[in-house]
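Hey, can you work out the whole structure from these sequences and the hints?
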Amino acid sequence: MNTAVAHDYSGAPLGAPVYELTKVSKTYARNRVIALEDVSLTLRKGSFTSIIGSSGCGKSTLLKIMAGLIPPTRGRVILQHQPVTGPRRDIGMMFQQATLFPWKTAVENIVLPIEIRDGKAAARKAMDKAHELLDIVGLKGFENVYPNELSGGMAQRASICRMLITEPAVLLLDEPFSALDELSRDMMNMELQRICREQDATAFLVTHSIQEAVILSDDIIVMKPRPGRIAEIVTVDLPRPRTLDMMTTPKFGEIVDHIRGMLDKGEDM
Amino acid sequence: MTEYQTNQPSDAETVQDTVWVQEVAFIDSVPRWIAMTFVFVTFIGTWQFVTSFGFVSPIILPTPMETLKDVLFVGQNLLTAGYMLEPLWITMKEVFYGFALAILIGFSFGVLVGETAFGEKAVMPYLVAIDTMPKVAFAPLFVAWLGFGIESKVALAAFIATFPIVVGTAAGLHAADENARMLFKTMGASRMQTLIKMKLPTGLPQIFTGIKIGAVGVMAGAITGEFLGGGKGFGELIRVAASQLNTPRVFSLILYLSLIGLALYVIVQWTQRKVVFWQQETVGSHNA
Ligand SMILES: Nc1ncnc2c1ncn2[C@@H]1O[C@H](COP(=O)(O)OP(=O)(O)OP(=O)(O)O)[C@@H](O)[C@H]1O
Ligand SMILES: [Mg+2]
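From first to last, the protein sequence lines are chains S and L.
Heads up: the first sequence at position 136 corresponds to 135 in numbering that gives the first Met the number 0, and the numbers run straight through without jumps.
Heads up: the second sequence at position 83 corresponds to 82 in numbering that gives the first Met the number 0, and the numbers run straight through without jumps.
Where hints are given, some of them may not hold.
Listed next, the in silico BS3-like pairs over lysine-lysine satisfying Cα-Cα at most 27 Å (straight line) [to be verified]:
(1) L:K92 / L:K134
(2) S:K124 / L:K196
(3) L:K196 / S:K128
Hints are computed from structural coordinates only; laboratory data are not their basis.
Spelled out as structure tokens, the structure:
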């Protein structure tokens with residue numbers, strides 16, 4: 000069973016499909032590795048989906064295909080009714096490393112996507128918005144600081160702002176907080192949830208942490224390796240908004256155990 | 000409630016500090032200025048010793064005092080616009096033009112080689128081949144092509160200094176990591192934007208390293224050019240002094256030349272600090 004449709008979480012109205020992937024496969028020509036095989040999924044407007052699976056099962060590959068960074072070998076990727084054939088304005092992406100540029104201040108880094116798309120004048124106009132965003136993620140007062148003077152967590156926050164400044168319809172996140180310690184990570188996750196709800200953004204998160212996936216997601220895609228394919232889509236019916244103390248509820252524990260079981264099975268395959 | 004034993008000291012108690020015994024070898028513990036003075040004095044002392052006891056003839060090696068006297072003489076000549084100022088000015092011009100040319104050409108080729116597949120596949124092999132040649136051997140050719148004037152020296156100086164700048168620029172353009180490249184791709188940046196807004200700034204430290212190596216080579220190129228191709232520069236003064244067995248003069252001329260080289264290096268270093276301001280801090284934090 001490879002076709003799966005992301006379900007909406009309880010209580011909320013079912014959003015329109017934003018992303019539609021049909022039978023997406025990827026074989027890397029260089030080493031003939033089959034990274035993905037027949038992955039089909041649908042992301043609905045305003046939903047939060049996580050993808051989890053062992054290392055090398057094709058999560059980053061899937062994300063890059065969705066972002067239009069690399070082409071799929073086979074299959075179809077539709078975003079907002081248009082096929083993805085390259086990087087797009089309506090996609091915001093965030094990587095494991097913050098990747099702020101050291102020759103630009105925090106705000107300058109944040110308006111960089113605008114500068115590249117619409118030029119310097121537009122970037123200057125976007126400064127106010129960049130300040131607002133920095134305020135939202137708790138970096139008020141660090142606007143004109145260079146990245147060398149920011150901690151890892153602060154840099155990650157700034158890179159969230161950079162992703163958000165173009166108001167993308169979907170956020171693709173490749174282990175964005177895995178470089179952070181657990182405490183700041185939990186805080187950043189709650190922040191992320193709040194931002195996604197505020198902007199009604201559709202989010203797709205790659206993670207290695209089952210807890211993180213469960214606390215944030217409406218749906219969790221569990222992947223099997225070699226070749227990478229979808230093993231199961233788990234729906235998390237915890238109420239929204241999520242809070243950190245939900246992590247101690249039996250329901251949360253159940254879902255975590257279930258996913259851990261799936262992943263352990265995956266190891267033997 | 001579980002009771003935990005803690006070692007919180009009471010207010011009255013004084014805490015015995017844990018003292019680290021750090022053993023530093025004597026040679027590492029000498030203050031910098033003493034060490035430098037020591038090396039200097041030893042050097043001059045040895046020099047004085049071998050010359051004053053007649054181990055070497057004064058024609059081969061003058062005494063420190065003689066040399067110092069000549070250094071002062073040359074300095075006075077330069078300051079009072081004597082006959083040595085014009086040669087110095089000529090050599091400085093050669094160095095300046097050669098350096099400017101090397102930066103221009105080196106940077107352009109560096110971008111070609113570092114940014115385009117064509118450059119990397121078709122141009123780089125030839126550059127490497129030329130780079131392995133002893134470039135000084137081209138001096139007679141430059142003289143034949145460009146004459147005995149300043150042009151042939153500028154050409155040789157630029158020729159020598161260009162290669163490290165090409166290599167530095169090309170390496171610098173490859174320095175950007177995968178994440179930065181992908182980020183620019185997701186932002187829909189054009190190739191030119193990626194080059195100017197990301198790859199070049201990322202590569203600036205390497206580019207400057209190349210320029211600094213070039214700054215050393217440009218000096219050598221200009222002087223070698225003057226030795227082999229005549230002209231009226233400082234190299235010619237050295238050649239004449241050497242042919243007259245005026246060794247102190249050779250020494251002091253070399254000293255003044257090295258000051259020019261040093262000045263050039265310091266200027267580049269200073270420019271790098273200003274331009275690549277963010278690099279400073281990483282270096283600083285490493286030292287801390
Ligand atoms: N550029 C590439 N060229 C060739 N093979 C690649 C390339 N990128 C990834 N692969 C291969 O594709 C498979 C999936 O890689 P991918 O990076 O998508 O895994 P992942 O699930 O993100 O792993 P991780 O959790 O470690 O980040 C791996 O076997 C990897 O070797
Ligand atoms: Mg990955």
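Going through the hints against the structure:
no. : hint            : result
1   : L:K92 / L:K134  : holds, 21 Å
2   : S:K124 / L:K196 : holds, 19 Å
3   : L:K196 / S:K128 : holds, 22 Å
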